[in-house]
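K.L.:
If you want the building blocks of each chain, they are given just below.
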Amino acid sequence: MLSSEVKETADIPGVSDIKVGKGYDLAPMKTFFVDDIKEAVCVGSEGELPFKGLSGRKTVSVDLSNNAGEFACIEYAGQEGVRLYIGSYVDFSDLQFYNLRDLTANIKKIRSAQLFKCPSCGGPFSMLTPGLTASVACKYCGSTIDATHQTLSILCRAEKKIKIKPLIPIGNKGTLFGIEWEVIGFMRRSDESGQYPWDEYLLFNPFNGFRWLTTYKGHWNYVETMRLRPWKDRAGTDVKFKDRTFKKFLAGKAKVVYVLGEFYWRVRTGEVVDVSDYVCPPEILSCEGDSSEANWSLGTYIGPQEIAQAFGLAEMPRKEGVAPNQPSPYVPLSRHLSLSFLALAICLTILQFYFIVNASDKEVYRGDFTFNPGDAVRSIVTPSFDLPGGLNNLSVVLYSPLNNDWMEAAVDLVDEKTNQSLGFEHGVEFYSGTDSDGAWKEGDQISDLLLSSVPGGRYHLLVQPAGDPGKGGQKSFSLTLRRGVVMWSNYFTALLLLALYPAYVCFRGRAFEVSRWSESDLSPYKAKGEEGDE
Amino acid sequence: MKVKMYIVCGLVICSLFITAWARGFAVSGLVQSAKWGPQGHGQYHK
Numbered sequence: 001m002l003s004s005e006v007k008e009t010a011d012i013p014g015v016s017d018i019k020v021g022k023g024y025d026l027a028p029m030k031t032f033f034v035d036d037i038k039e040a041v042c043v044g045s046e047g048e049l050p051f052k053g054l055s056g057r058k059t060v061s062v063d064l065s066n067n068a069g070e071f072a073c074i075e076y077a078g079q080e081g082v083r084l085y086i087g088s089y090v091d092f093s094d095l096q097f098y099n100l101r102d103l104t105a106n107i108k109k110i111r112s113a114q115l116f117k118c119p120s121c122g123g124p125f126s127m128l129t130p131g132l133t134a135s136v137a138c139k140y141c142g143s144t145i146d147a148t149h150q151t152l153s154i155l156c157r158a159e160k161k162i163k164i165k166p167l168i169p170i171g172n173k174g175t176l177f178g179i180e181w182e183v184i185g186f187m188r189r190s191d192e193s194g195q196y197p198w199d200e201y202l203l204f205n206p207f208n209g210f211r212w213l214t215t216y217k218g219h220w221n222y223v224e225t226m227r228l229r230p231w232k233d234r235a236g237t238d239v240k241f242k243d244r245t246f247k248k249f250l251a252g253k254a255k256v257v258y259v260l261g262e263f264y265w266r267v268r269t270g271e272v273v274d275v276s277d278y279v280c281p282p283e284i285l286s287c288e289g290d291s292s293e294a295n296w297s298l299g300t301y302i303g304p305q306e307i308a309q310a311f312g313l314a315e316m317p318r319k320e321g322v323a324p325n326q327p328s329p330y331v332p333l334s335r336h337l338s339l340s341f342l343a344l345a346i347c348l349t350i351l352q353f354y355f356i357v358n359a360s361d362k363e364v365y366r367g368d369f370t371f372n373p374g375d376a377v378r379s380i381v382t383p384s385f386d387l388p389g390g391l392n393n394l395s396v397v398l399y400s401p402l403n404n405d406w407m408e409a410a411v412d413l414v415d416e417k418t419n420q421s422l423g424f425e426h427g428v429e430f431y432s433g434t435d436s437d438g439a440w441k442e443g444d445q446i447s448d449l450l451l452s453s454v455p456g457g458r459y460h461l462l463v464q465p466a467g468d469p470g471k472g473g474q475k476s477f478s479l480t481l482r483r484g485v486v487m488w489s490n491y492f493t494a495l496l497l498l499a500l501y502p503a504y505v506c507f508r509g510r511a512f513e514v515s516r517w518s519e520s521d522l523s524p525y526k527a528k529g530e531e532g533d534e
Numbered sequence: 535m536k537v538k539m540y541i542v543c544g545l546v547i548c549s550l551f552i553t554a555w556a557r558g559f560a561v562s563g564l565v566q567s568a569k570w571g572p573q574g575h576g577q578y579h580k
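Taken in order, these protein sequences are the chains called A and B. Taking my numbering, I'd label the letters of the first sequence as residues 1 to 534. Taking my numbering, I'd label the letters of the second sequence as residues 535 to 580.
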């Protein structure tokens, strides 16, 4: 962090007015939010400083940050007054220091030189990050040791003899994202009920600081403490970070069940913090803290194969279910399929419009007939007519001015050249009346039938009409044949076929999302009935 | 790969659509009971 002192401190609130999470305007057009409030004690100093950096000097230090990547620190130093520092986070490589000590060799030297004894069981241990370690969990008795003072003291003793063997051993090194990390700490945490435990590995690199690997049901996340602070949307349930909206996934408690190795804060078994998770796959934002601090961290989903490869692990636990921030394999596929479907549907529609414009839709025959249903069945032979062109469709429209009656016609379309006939049946029925609800009607006096791929040539019709023999008297009907009419069934069938696979992928994608949110109380897929019951 | 396969299948469907139009074939015609056969099969003549 690179910062400079700001002399204008008139607007700084008093130490008793400072609250974690609250925003304060510490500079023109700059609002900072409180991350933590703590007592700081000067352990030692070297070189030149603008104030007395005496060992033992106590201050109340308030860390603040904003969503522009800046941080601020307010130091309440009693009679010395208040100091304000404003700056920004920088990468170590950006500072371009030169003439530095060989830090890696230095750490090795310190580690080998310093051996400690657990004040609880006397078991020997050394620190992997001397100077940075605040607590160490004894691997023999499980007690957590306060390592911030030369005189080691117990932070808490292990409640029961739990022995958990971490998948990645403490001290193991691995390269992730081009940086070599050393596992220095392991922690198992769970929700308050203990039903949903997860593991966390603390990683350290001397030039890049600390990172975390968290794992839950075989899924892994690479987690780093955030420099930029997200900001809440208007509704207050979701947060925005770098133009992305993270949806609230859960809010609850996290309890430390087991610790092993070293940590940069005084961790205690049984320690409980408030935690809120927000997801925007493949990332997850977590806010942890209590009344005195709120820490934001950003996790990125990482495949177990990458972890295994980085740390040389032979076997990894199998993945169960869908992780909150696991990227959906269906999202990019669905997007591409939707675009492809749209393009193909547009092509199909253009083709259909072309066929509509170019449809001949020509009436090739029309005949009016009469018959008596009471008479014996007889065939009506129509005059010959031509069907122009090659293979094409043929629309046969039967009309009869019936009322409360029906009629059917067995029709043969006879090819006069081949003497083959295409036989089909066509019928109409129409009923109407009035009742207590008013006038009603059922059926139709007109019926349309489409014959496919009828070859061109000279034809005539053989028609055998039939009707209700109980209703005697002459009945009339007409048959109209039209050649090359517009076909809509092909268009809708083709659209349906094109939509099948994208619809399947959409369905699978939705099932994936439902599975993702199944462990959240804030699932957007929960039925309203279930919410009501709760 | 899946998208490419889908586009290929989509183009096949479009070509079948064009072929059906060229041959006057209608999907709705499949549900009709029209059948080719010898002249006047099963019908009375007067």
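One thing to keep in mind: the hints can contain errors.
As the list claims (entries may be wrong) - Only pairs whose alpha carbons sit at most 20 Å apart, straight line, appear in this in silico SDA-like list of lysine to any residue:
#1 K569/B to G427/A
#2 K538/B to V331/A
#3 K538/B to L333/A
#4 K248/A to G289/A
#5 K569/B to P166/A
#6 K536/B to R335/A
#7 K569/B to K248/A
#8 K536/B to A503/A
#9 K536/B to L333/A
#10 K538/B to K248/A
#11 K536/B to G289/A
#12 K536/B to R510/A
#13 K569/B to L451/A
#14 K538/B to P332/A
#15 K569/B to G457/A
#16 K569/B to D415/A
#17 K536/B to K248/A
Hints are computed from structural coordinates only; laboratory data are not their basis.
K.L.:
Output the numbers, in ascending order, of every earlier hint that fails for this structure.
P.N.:
5, 7, 10, 11, 17
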